[in-house]
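**Student:** Sequence order for the protein chains is A and B.
Counting along the first sequence from 1, when you hit position 37 you're at 37 in this note's numbering, and nothing is skipped either side.
Just add 1000 to the spot in the second sequence (first one is 1) and you have this note's numbering.
It cannot be assumed that every hint is accurate.
[To be verified] Here are some, though not all, of the chain B residues that point toward chain A, as calculated from beta-carbon distances under 8 angstroms:
no.	residue
1	ASN1044
2	TYR1247
3	ARG1264
[To be verified] Derived list of chain B stretches under chain A, where covered just means 3 residues or more per stretch with a C-beta under 8 angstroms from a C-beta of chain A:
no.	stretch
4	1271 to 1279
5	1305 to 1314
[Stated by the list, open to error] Here are the computed lysine-lysine pairs in the DSSO-like style, where the Cα-Cα straight-line distance is at most 30 angstroms:
no.	chain 1	residue 1	chain 2	residue 2
6	A	LYS89	B	LYS1295
7	A	LYS89	A	LYS198
8	A	LYS32	B	LYS1089
9	A	LYS89	B	LYS1032
10	B	LYS1138	B	LYS1089
11	B	LYS1138	B	LYS1105
12	B	LYS1295	B	LYS1032
13	B	LYS1032	A	LYS107
14	B	LYS1289	A	LYS32
15	B	LYS1196	B	LYS1006
16	B	LYS1107	B	LYS1032
17	A	LYS138	A	LYS89
18	B	LYS1032	B	LYS1196
19	B	LYS1105	B	LYS1224
20	A	LYS295	B	LYS1089
21	B	LYS1006	B	LYS1289
22	B	LYS1138	A	LYS32
23	B	LYS1032	B	LYS1289
24	B	LYS1089	B	LYS1107
25	A	LYS196	A	LYS289
26	A	LYS89	A	LYS105
27	A	LYS138	A	LYS107
28	B	LYS1191	B	LYS1289
29	A	LYS105	B	LYS1191
Honestly, the hints are just simulated from the structure, not real lab data.
C-beta atoms are modelled at their ideal positions from N, C-alpha and C, and glycine is treated no differently.
Protein chains: 2
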Amino acid sequence: MSLDLKSIRTVHERIRPYINRTPVLTSSRLDKASGASLFFKCENFQKIGAFKARGATNAVFSLDDATALRGVATHSSGNHGAALARAAKLRGIPAHIVMPSNSAKVKVRAVASYGAQIVSCEPTEAARESACAEVIAKTSATLIHSFENEDVIAGQGTAALELLEEVSDLDLVMCPVGGGGLLCGTAVAAKSMRPKVKVIAVEPANADDAAQSFRAGRLIHTEKKFTIADGLRTNVGAPNFVIIQRYVDDIVTVSEEAIIAAMRTVWETMKIIIEPSAAVPYAAIAESKINIGGKRVGIVLTGGNVDLDALPWMGMR
Amino acid sequence: MSLDLKSIRTVHERIRPYINRTPVLTSSRLDKASGASLFFKCENFQKIGAFKARGATNAVFSLDDATALRGVATHSSGNHGAALARAAKLRGIPAHIVMPSNSAKVKVRAVASYGAQIVSCEPTEAARESACAEVIAKTSATLIHSFENEDVIAGQGTAALELLEEVSDLDLVMCPVGGGGLLCGTAVAAKSMRPKVKVIAVEPANADDAAQSFRAGRLIHTEKKFTIADGLRTNVGAPNFVIIQRYVDDIVTVSEEAIIAAMRTVWETMKIIIEPSAAVPYAAIAESKINIGGKRVGIVLTGGNVDLDALPWMGMR
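Generate the whole structure from the sequences, applying the supplied hints.
**Tutor:** Below you can see the structure in the form of structure tokens.
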């Protein structure tokens, strides 16, 4: 498969029976506050509560029957694990999900609810990868990496495809960047459908490897400080970075305080639940990190899976 | 004005420029959990975050110019005050909102943000009514009662009008009942558009005057215990009860625990923010207080104004 608009359209047809076409919401208050027209693509309303359902579903349904029967495997502490487990269940094949031992219980339960095999491991990148390799050696399952996988990237691109189908005359498209799966799919879809659109990625300042790499023109892996945006703690993937260099116009960073404030603003104003990672693009707008005055801006709200017993503003006042 | 489908349609045309046409959302998970098809009319996405924008806007824009110029007044601790303040601002007339001194600060700020005159009073029904009467005597403003007002009732009915326009083949329509403004508008609209639809109201067991009155066939005012559903603490109005007796099929009650659990379920499953009062109908479904197996059920989610620093499940675990 080559990653282009045609392939993303094919992917969209493939996964359509299994995913939600999520709504695009607007807010006159946030438009007023930002001086722009904002169009929020609500992937918090997606199956499993995050855009990850798109890529994982495409990866699973792209396998030929013989390969599929051997099952799929991945390591994930978050939404990709649940997305892959769900997709495997839909296709009726085994899924092996390696999860670090400190994963949120709600995420472990979500994966288990789809009947996946859960393999617990130490909470380090090395332990995750070796546990995953071991499972694959034992089962011959196919690795579905959460972002370094073209089928996954193409699947994630279908969110932007739907967004630009619905709102064709956007000036900017914004999304967060962690490993780069969503960003690459978004950038390819958006730039192919509307060459003059700007694609802007946003990253927590505490995990700014993508921004640093983008400025340097080469892949830089950084030591991460803690960020509340748990979906964005990972380093950007090497194949993803190649696509980012080609299609993305800028990567800006935001503070932890801005992420929490943006999350709360979206909850209070739009009455929708988004997770911290999903608040990162609006944080850049609220912090005036980019100039959007008078522009039409599409924003991918990536997910809505939060622990309602531990909201980031609790105990802050 | 007489309260019928024709008048509600006229009202809808009148207020349309000033309100949101809110979306109807569905949830495959909640459908599965309930064994029915649920259609949620999302008035939490309405202007000021609640359906109250509809009735107050209609009441204000139904006044003739001379009357309107003298302003409007009401007493309200909650969403009706903000709705009336906003509607008055849109028409460019004064609004006087009597608010009990223990009103949530966020609600006082909302009213103030629309430029209304706020009159603080003791937090008793008698004090509210006498403060409001005093303001009216002084200013000649018109009283816009939050539910004992036909223009308000007709305005609230436009939510059901939109719901049944979008989902025509409903078997049941459910909404909470406090004073009865929403319930009366909903019942008249729904029964007129689809005579065989059942209209079921739901009330907190701790504030069950409407259910008791419905069973007794006469208006009963009860001493209220505390309910988390702050929008439903009031007694049902006398003119409202007449309409309820004619159009409503049943009124059921739910426990406080069920309301909190239902609110949390909707947040976690649908990723939308609803206030406790809005969770009351789904609480009745979750507690199996009504039989909806296999049915198509419309539910008005009445609002989404909550204090994110004081969620009902905080400190419960």
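**Student:** So, for every hint listed, does it hold in this structure?
**Tutor:** Verification of the hints:
1. ASN1044: 5 angstroms, holds
2. TYR1247: Result: violated, 29 angstroms to nearest chain A Cβ.
3. ARG1264: Holds, because the Cβ-Cβ distance from ARG1264(B) to chain A comes to roughly 6 angstroms (cut-off 8 angstroms).
4. 1271 to 1279: The restraint on the stretch 1271 to 1279 of chain B holds, since 4 of its residues have a Cβ under 8 angstroms from chain A and three suffice.
5. 1305 to 1314: holds (count 5)
6. LYS89(A) to LYS1295(B): 28 angstroms, holds
7. LYS89(A) to LYS198(A): Given pair LYS89(A), LYS198(A) is violated - Cα atoms ~37 angstroms apart, limit 30 angstroms.
8. LYS32(A) to LYS1089(B): Answer holds: LYS32(A) to LYS1089(B) is near 17 angstroms, not above 30 angstroms.
9. LYS89(A) to LYS1032(B): 17 angstroms, holds
10. LYS1138(B) to LYS1089(B): OK: LYS1138(B) and LYS1089(B) at ~20 angstroms, within 30 angstroms.
11. LYS1138(B) to LYS1105(B): 26 angstroms, holds
12. LYS1295(B) to LYS1032(B): OK: LYS1295(B) and LYS1032(B) at ~12 angstroms, within 30 angstroms.
13. LYS1032(B) to LYS107(A): 21 angstroms, holds
14. LYS1289(B) to LYS32(A): 44 angstroms, violated
15. LYS1196(B) to LYS1006(B): Holds: LYS1196(B) and LYS1006(B) sit about 19 angstroms apart, inside 30 angstroms.
16. LYS1107(B) to LYS1032(B): 36 angstroms, violated
17. LYS138(A) to LYS89(A): 20 angstroms, holds
18. LYS1032(B) to LYS1196(B): 25 angstroms, holds
19. LYS1105(B) to LYS1224(B): At roughly 23 angstroms apart (the allowed maximum being 30 angstroms), LYS1224(B) and LYS1105(B) satisfy the hint.
20. LYS295(A) to LYS1089(B): At roughly 28 angstroms apart (the allowed maximum being 30 angstroms), LYS1089(B) and LYS295(A) satisfy the hint.
21. LYS1006(B) to LYS1289(B): Violated. LYS1006(B) to LYS1289(B) sits at ~33 angstroms, over the 30 angstroms cutoff.
22. LYS1138(B) to LYS32(A): 36 angstroms, violated
23. LYS1032(B) to LYS1289(B): This hinted pair holds, its Cα atoms lying about 17 angstroms apart.
24. LYS1089(B) to LYS1107(B): 17 angstroms, holds
25. LYS196(A) to LYS289(A): 21 angstroms, holds
26. LYS89(A) to LYS105(A): 20 angstroms, holds
27. LYS138(A) to LYS107(A): 25 angstroms, holds
28. LYS1191(B) to LYS1289(B): 22 angstroms, holds
29. LYS105(A) to LYS1191(B): Roughly 46 angstroms separates the two Cα atoms, so the pair is violated.
Violated hints, listed in ascending order, are 2, 7, 14, 16, 21, 22 and 29; each of the other numbered hints is respected by the structure.
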